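Going down the list, the protein sequences come from chains A and B. Position one of the first sequence corresponds to residue 1 (my numbering), numbered consecutively onward. Position one of the second sequence corresponds to residue 1 (my numbering), numbered consecutively onward.
Among the hints, erroneous ones may be present.
[Unchecked claim] Just a sample of chain B residues kept apart from chain A, beta carbon distances all over 12 Å, derived:
| hint | residue |
| --- | --- |
| 1 | Lys15 |
| 2 | Glu17 |
| 3 | Pro21 |
| 4 | Arg47 |
| 5 | Leu96 |
| 6 | Phe97 |
| 7 | Thr112 |
| 8 | Lys141 |
| 9 | Ala161 |
| 10 | Gln166 |
| 11 | Asp246 |
| 12 | His265 |
| 13 | Ala270 |
[To be verified] To give an idea of the chain A side of the interface with chain B (calculated C-beta under 8 Å), a few residues:
| hint | residue |
| --- | --- |
| 14 | Pro95 |
| 15 | Leu108 |
| 16 | Gly180 |
| 17 | Val182 |
| 18 | Thr246 |
| 19 | Ile247 |
[Claimed, not checked] Here are some chain A residues the structure puts well away from chain B; computed CB gaps all over 12 Å:
| hint | residue |
| --- | --- |
| 20 | Gly43 |
| 21 | Tyr54 |
| 22 | Leu164 |
| 23 | Lys189 |
| 24 | Lys196 |
| 25 | Ser217 |
| 26 | Ala218 |
| 27 | Lys277 |
Derived from the structure by calculation, the hints contain no laboratory data. Fair warning: this is a prediction, and the values are worked out from it, not measured in the lab. Note that beta-carbon positions come from the ideal geometry of N, C-alpha and C, so glycine has one too.
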Amino acid sequence: MHSPFQQRRQLFDALKEKRNKPQPVQPVTSAQPAPFVACAGCGKAIPRQQLADYFQVCPFCGHHHPLPAPARLSMLLDEGSAKTLPVKVCFGSDPLKFQGYSEKLALLRRKTGLNDAVLTAVGKIGGRKAVVSVMDSRFLMGSMGSAVGEAIAQAVEYAAKAKLPLIIFCASGGARMQEGAVSLMQMAKTSAALKKFSDEGGLYIAVLTHPTTGGVSASFAMLGDITLAEPKALIGFAGPRVIQQTIGETLPEGFQRAEYLQDHGFVDSVVPRNQLKATLAQLLKLHTKGGMAKC
Amino acid sequence: MLKELDTRIEELESKLEEMHPETEAQRLEYRQTMQNLQELKQEYRPRTAADKVYLARHSMRPNINDYIDALFTDFFECRGDRLCKDDGSIVGGVALFHGMPVTVIGHKKGRTLPENLACNFGMPGPEGYRKALRLMKQAEKFGRPIITFIDTPGAYPGKEAEERGQAEAIARNLAEMSSLTVPIVSIVTGEGSSGGALALGVADAVLMLEHAIYAVLSPEGFASILWKDSSRWAEAAQQMKLTAQDLLELGLIDGIIPEPTGGAHNNPQALFEQVDAQLYSRLKALCKMRTSALTAARYQKFRNMGNFMQEEQL
Ligand SMILES: [Zn+2]
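Taking the hints into account, I'd like the entire structure generated from these sequences.
This is how it looks when you write it as structure tokens:
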């Protein structure tokens with residue numbers, strides 16, 4: 001049936017397709033030092049592997065630690081369904097020629113296996129396809145420079161073109177100061193892309209994780225049709241320390257935390273990490289196309 | 001440094017005022033002082049980014065009310081966000097510009113302490129941004145061009161501001177402005193700092209006064225966060241590329257409006273003539289565009305910002 005030539009052609013075609021198609025998510029292989037981690041919530045020592053198995057949620061007190069983007073994607077997306085979305089971005093642009101910035105980016109790239117602070121994949125959640133962008137706070141606090149802004153905009157545009165729902169996991173200290181006003185303009189860029197996506201009827205679910213502050217909070221983080229947040233995540237425009245210095249009074253307990261934002265009307269639901277996949281699957285199910293036609 | 005120059009000029013001016021030359025020697029001294037003053041004034045121009053920061057924040061620099069008085073007629077101020085309150089740090093309303101109805105919105109900075117308390121030093125809360133958005137949507141409804149004047153140290157970092165959704169209000173403005181169907185021209189007149197400035201700045205034409213600054217945060221904040229030393233703010237100003245000339249080079253703004261010698265505050269009338277001419281020609285060109293082309297061009301402009309792909313390939 002298949003001549004060796006045909007087989008070879010098929011192999012080449014498959015390789016070509018693989019090159020052009022979104023790549024599967026690569027697991028991170030980094031050196032893992034101490035075998036125990038002190039919980040930021042209760043202080044108990046947790047075996048590193050156990051914490052990873054619980055997706056960085058403390059088994060004793062339920063504190064949510066930051067979750068690296070690749071682990072987040074593997075937690076969320078149905079097994080074998082995830083493909084990372086390649087982004088056409090000039091990673092490592094340095095508009096201010098800020099001393100040490102390029103070196104820092106190169107180092108973080110080696111350390112995290114990421115190109116910058118956001119990783120996007122296309123995959124299924126509970127059998128339903130979606131575009132999922134995840135920010136990674138290991139990368140300069142998940143700050144938004146031109147690469148992050150561009151990656152988010154391209155994820156939005158991909159979702160629009162493929163008519164897929166979009167989910168963005170936010171985790172960011174804000175705009176990337178090392179890129180100056182260029183980083184500021186990424187707020188306009190991402191917000192404009194989402195407005196267009198929304199006008200075309202796209203579903204965008206924002207998931208705010210610890211921390212979501214500054215320029216990211218004041219752009220794509222706050223533009224979801226549905227907004228979810230992880231427990232106790234810090235969410236706000238100005239940092240609590242700056243506010244305290246400005247107004248000269250102590251801030252109330254739980255100020256700018258996810259639950260506080262839910263109480264003040266800016267978050268639909270605070271969802272613990274272990275229920276996120278089920279909640280997102282439910283939301284995707286509720287937004288299946290067809291609506292009236294299926295009555 | 002311009003700040004020291006300002007002090008010396010002030011000293012000479014008050015000295016001149018006190019002088020009542022009667023003898024020949026006194027007259028000679030008077031003329032000498034006068035000449036010194038003229039020389040100092042000739043020297044009065046920004047040489048460094050730090051000088052520009054100083055000029056951009058100068059308390060005598062024209063503010064939103066000066067621009068409204070000088071450039072528009074029949075201004076009617078609209079107040080309140082219809083949700084919570086009126087925020088004095090953003091002024092907005094309807095006016096005529098060369099006989100054409102326009103919506104004017106701008107950050108308000110005061111000159112005196114009572115004025116600044118009333119406008120919160122030009123630092124808006126979410127109510128300010130929501131008022132601005134309300135007026136912009138109204139402008140869209142009536143097909144009026146929108147003109148915004150940007151001059152703020154940033155959005156106010158306060159407890160109530162956060163509780164009422166400072167981040168959401170700014171994000172909403174960015175998203176909505178990107179697709180408004182009427183022409184928008186923004187002018188950074190003083191300091192444009194952080195998202196609090198950009199929330200009025202997603203425009204078809206973004207112009208900056210020659211000595212205005214526009215940045216992701218204040219140079220003091222930049223120095224304190226990245227170098228843990230806010231006293232290095234002058235150095236930070238240089239590093240941040242925050243001058244009008246820098247932003248034009250980075251492709252983040254569309255044009256620069258020249259200021260009179262010594263900066264806007266030294267000859268406001270000359271400045272207003274420049275602003276009027278530039279505003280008029282920009283609006284005239286934008287009003288000729290079809291709505292779909294207008295919004296598409298605005299979208300594409302911001303979409304391309306900071307995309308250095310092409311540069312890399314060269
Ligand atoms: Zn714990």
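Status of the hints after comparison with the structure:
no. : hint   : verdict
1   : Lys15  : holds, 40 Å
2   : Glu17  : holds, 39 Å
3   : Pro21  : holds, 51 Å
4   : Arg47  : holds, 20 Å
5   : Leu96  : holds, 29 Å
6   : Phe97  : holds, 25 Å
7   : Thr112 : holds, 21 Å
8   : Lys141 : holds, 17 Å
9   : Ala161 : violated, 8 Å
10  : Gln166 : violated, 4 Å
11  : Asp246 : violated, 8 Å
12  : His265 : holds, 24 Å
13  : Ala270 : holds, 28 Å
14  : Pro95  : holds, 6 Å
15  : Leu108 : violated, 16 Å
16  : Gly180 : holds, 5 Å
17  : Val182 : holds, 4 Å
18  : Thr246 : holds, 5 Å
19  : Ile247 : holds, 6 Å
20  : Gly43  : holds, 27 Å
21  : Tyr54  : holds, 30 Å
22  : Leu164 : holds, 20 Å
23  : Lys189 : violated, 5 Å
24  : Lys196 : violated, 7 Å
25  : Ser217 : violated, 4 Å
26  : Ala218 : violated, 4 Å
27  : Lys277 : holds, 26 Å
Violated hints, in rising order: 9, 10, 11, 15, 23, 24, 25, 26; the structure is consistent with all others.
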